[in-house]
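J.: Next come the chains, spelled out residue by residue.
Number of protein chains: 2
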Amino acid sequence: MVPSLPADSQPTPADVESAVYAIADRSRQAARSMGRANRAWKDKALRAIGSALLANKQQILAANTKDVEAGRANGTSAALLDRLTLNDTRISALADALENLAGLPDPVGNVVRGQTLPNGLRLRQVNVPMGVVAAIYEARPNVTVDIAGLALKSGNAVILRGGSAAAFTNEALIRVLRDALESVGLPADAVQTVDQYGREGANVLMRARGRVDVLIPRGGRELIQTVVNNSSVPVIETGEGNVHIFIDESASEDMAVEILLNAKTQRPSVCNTVETLLVHSGSTVLPAVAAALSKAGVRLHADDRVRAALPASVESLPATEDDWATEYMDLDLAVAMVDSLDDAVKHIRTWSTGHTEAILTNDLRNAERFIAEIDSAAVIVNASTRFTDGGELGLGAEVGISTQKLHARGPMGLTELTTTKWIVQGEGQVRA
Amino acid sequence: MVPSLPADSQPTPADVESAVYAIADRSRQAARSMGRANRAWKDKALRAIGSALLANKQQILAANTKDVEAGRANGTSAALLDRLTLNDTRISALADALENLAGLPDPVGNVVRGQTLPNGLRLRQVNVPMGVVAAIYEARPNVTVDIAGLALKSGNAVILRGGSAAAFTNEALIRVLRDALESVGLPADAVQTVDQYGREGANVLMRARGRVDVLIPRGGRELIQTVVNNSSVPVIETGEGNVHIFIDESASEDMAVEILLNAKTQRPSVCNTVETLLVHSGSTVLPAVAAALSKAGVRLHADDRVRAALPASVESLPATEDDWATEYMDLDLAVAMVDSLDDAVKHIRTWSTGHTEAILTNDLRNAERFIAEIDSAAVIVNASTRFTDGGELGLGAEVGISTQKLHARGPMGLTELTTTKWIVQGEGQVRA
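Going down the list, the sequences are from chains A and B.
Using the UniProt record's numbering, read the first sequence as starting at 1 and increasing by one per residue.
Using the UniProt record's numbering, read the second sequence as starting at 1 and increasing by one per residue.
Any given hint might turn out to be false.
[Said to hold, decoys possible] Some chain B residues judged to face chain A by a derived CB distance under 10 Å, without partners named:
{"hint": "1", "residue": "G35"}
{"hint": "2", "residue": "L81"}
{"hint": "3", "residue": "E237"}
{"hint": "4", "residue": "T356"}
[Claimed, not checked] Sample of chain A residues facing chain B (criterion: CB under 7 Å; computed from the structure):
{"hint": "5", "residue": "Q266"}
{"hint": "6", "residue": "P268"}
{"hint": "7", "residue": "A383"}
{"hint": "8", "residue": "Q425"}
{"hint": "9", "residue": "V430"}
Since the hints were made in silico from the structure, they are not lab data.
Bear in mind the structure is a predicted one, so any value in this text is a computation, not a measurement.
Ideal Cβ positions, reconstructed from N, Cα and C, are used throughout, including at glycine.
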């Protein structure tokens with residue numbers, strides 16, 4: 001089913017290139033069928049995949065156990081092992097997500113704009129599938145199902161590179177996905193993997209411009225930077241969030257406490273959690289906010305002025321420049337004191353990854369200036385940064401949160417996995 | 001004004017990197033001012049640039065003469081010399097284009113979508129400037145003014161790399177642009193060049209991801225491929241057009257003759273001119289179409305079946321595979337006979353660059369199948385391919401014609417030089 005090289009052969013880079021290009025060509029072929037499939041057909045496929053995941057749970061979990069045991073033997077960290085692990089609940093969640101996806105409108109065929117030109121030409125710009133979507137990620141078997149579902153719903157074929165740490169799980173999942181596609185009369189090749197070609201397979205994917213339409217890296221900073229620096233295929237960069245909240249002089253204590261607790265402690269391991277708090281030196285809310293966070297188990301990495309202003313009962317660590325740059329993704333928060341909105345904006349411009357920043361204020365001019373001057377995918381006034389999320393913002397499903405400016409910025413929905421086509425219809429018009 | 005190194009120094013790559021990064025940092029600073037400038041202010045700048053171009057015509061033409069003479073001495077081709085040459089008419093055309101740009105709506109601030117969420121959060125997705133736009137091009141001084149005008153109108157700062165062949169002209173033009181910006185109180189650094197750093201300057205631009213938001217190559221295939229393969233900055237690829245027209249069995253002779261003449265001869269040097277004609281073997285229009293094209297001076301590169309079907313009075317050359325791949329941009333046309341719409345689609349899929357393809361037909365099913373199955377930026381039914389143009393499609397101004405699928409596809413207007421920002425406003429909402 002999933003083609004692989006004989007175990008004793010050592011493929012040359014040229015072998016891998018031609019093999020991966022052949023995969024991409026089959027993907028292009030499959031993408032044509034996916035592009036022609038109507039919504040009902042694609043939704044049927046998503047539901048068939050969901051049912052098949054549940055029906056094949058035992059094989060999938062057995063394969064996953066092999067990966068997890070190998071990871072444990074290799075000394076993989078607990079956090080990574082957790083990401084790698086599937087169980088009953090997680091497989092059910094994957095099936096539920098597919099059911100949710102099936103319930104969403106089809107982005108394909110949506111008319112973006114249209115008009116009749118003075119010469120009578122009828123013009124429409126319509127969403128059409130990208131074609132071949134590739135994803136590179138590591139040790140996250142849930143991404144295999146997740147990204148495949150999103151790509152298929154938007155009429156694309158997908159090529160996956162899920163990494164060696166999850167090789168057994170991904171092989172099992174991809175077999176289930178392909179069989180389910182075939183069971184509803186869609187091409188199995190709409191879901192393929194290049195995992196059998198190792199790192200060189202990923203390298204070929206990155207330079208397959210023209211064969212692969214878009215490449216989505218999912219994972220840590222290092223993985224994303226490698227893809228960004230080496231890919232000639234257009235990349236959508238997702239996920240890095242060094243998120244800031246600025247409390248100005250006018251913000252109320254109650255709101256500040258409630259929003260900071262939510263933004264830092266509700267789910268600290270995700271990209272929209274706050275990582276640095278900036279407090280105006282004229283504000284009086286710092287002691288209450290710091291005490292509440294500390295009580296909730298948050299370790300505060302604070303600059304000297306903040307530490308001097310904290311009550312003796314609140315512990316803190318001295319902050320260094322590293323703290324301003326760090327995306328902790330844990331119960332840690334950097335805290336700095338600033339003397340003006342300008343200083344807050346300057347700090348954010350220096351250290352932000354352009355994901356989400358929020359201001360807590362009751363001052364209209366400050367709110368408007370913050371909105372205008374902060375150059376991030378999402379700018380929030382008086383609400384938690386945790387709202388930068390496809391589901392929360394009404395996109396239905398989320399492909400990822402883009403921190404680049406091209407094509408998509410912020411939470412990406414299904415439409416962001418499509419492109420557009422201009423359709424011009426006439427009756428013999430020529431250009432004057 | 002335009003910083004340059006002493007003539008006798010040999011800068012190291014590290015010197016060039018820090019110099020270009022410093023330029024990019026000044027560009028980021030200037031971009032903030034441009035992003036805050038309202039439409040009236042930006043339009044005032046565009047008109048000031050137009051007036052300054054006319055007022056400084058003599059200096060610009062004198063600089064241009066130096067470039068043209070150097071080009072002539074180097075044996076530069078007549079076509080390239082023509083592109084390189086400015087004159088009274090062309091400078092007036094540049095000023096007219098800036099006046100036209102000033103008359104267009106501002107893309108910045110446009111609300112793409114918005115809603116009030118169930119929890120009361122007010123959500124808007126708004127067009128905002130990209131920030132720092134860079135362009136790499138060669139020997140086309142008109143692009144200097146053109147791309148700078150488009151970037152400024154959309155609230156961006158621009159960094160130009162215009163190549164050594166046009167160095168004197170570009171230096172003169174950039175001085176005029178910078179002075180005009182300052183004269184209306186906008187930062188001169190909104191227009192900068194890295195020409196003084198030669199090829200290494202271009203290389204640094206290509207890897208300045210995070211410092212440069214988007215890179216637009218303009219020029220020949222080789223230049224564009226170099227940028228695409230070496231840039232970690234997101235690229236918008238424009239311009240390559242191996243454009244096809246397919247005449248099916250049902251198309252009328254009159255329409256076929258008129259559209260082919262227009263699509264091939266109206267302006268053969270541009271990317272939306274037709275390069276290959278595919279004729280269904282059951283059509284009877286070929287002799288009339290070929291005779292009309294031949295009479296208009298078009299050299300036909302035809303396959304054996306086409307040549308056998310041509311009247312003796314129509315000359316033709318035998319086509320090779322190279323002809324299917326060639327974007328002639330001249331009075332040349334490849335002609336092939338196909339036996340079905342499927343064969344036409346197959347030919348197009350093999351050889352198209354994804355720019356524009358047209359079908360001439362009176363058959364509804366063929367028209368719909370062609371629209372659905374052709375994966376190009378523009379698909380045209382019964383009209384000339386010359387309509388794939390920003391002006392013709394109502395975009396007002398054209399940044400280029402994108403042949404990639406990410407961000408923009410087909411003619412790009414001012415909006416395509418912007419990105420979006422999500423703005424979320426609440427009164428203390430936290431995530432449940």
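J.: Min Cβ distance, A383 of chain A to chain B: is it shorter than 7 Å?
T.: With Cβ-Cβ at 4 Å, under 7 Å, it holds.
J.: Close enough to count: is the Cβ of G35 of chain B nearer than 10 Å to one in chain A?
T.: Hint on G35 of chain B: holds, closest Cβ of chain A at ~8 Å, below 10 Å.
J.: Would the hint on Q266 of chain A stand, with a C-beta cut-off of 7 Å toward chain B?
T.: Holds. Min distance 6 Å.
J.: Do the numbers back the hint for T356 of chain B, that is, is its least Cβ distance to chain A under 10 Å?
T.: The hint holds - T356 of chain B has a Cβ within 10 Å of chain A, the shortest such distance being about 9 Å.
J.: Please verify that hint: E237 of chain B, Cβ, nearest Cβ of chain A, below 10 Å or not.
T.: Hint on E237 of chain B: holds, closest Cβ of chain A at ~9 Å, below 10 Å.
J.: Once the shortest beta carbon distance from Q425 of chain A to chain B is found, is it less than 7 Å?
T.: holds, 5 Å
J.: Using 7 Å as the Cβ threshold, decide whether P268 of chain A counts as touching chain B.
T.: violated, 13 Å
J.: With chain B as the partner, please determine if V430 of chain A meets the hint condition of a C-beta pair closer than 7 Å.
T.: holds, 4 Å
J.: Close enough to count: is the Cβ of L81 of chain B nearer than 10 Å to one in chain A?
T.: violated, 27 Å
Taken one by one, the earlier hints fail for this structure at numbers 2 and 6, listed in ascending order.
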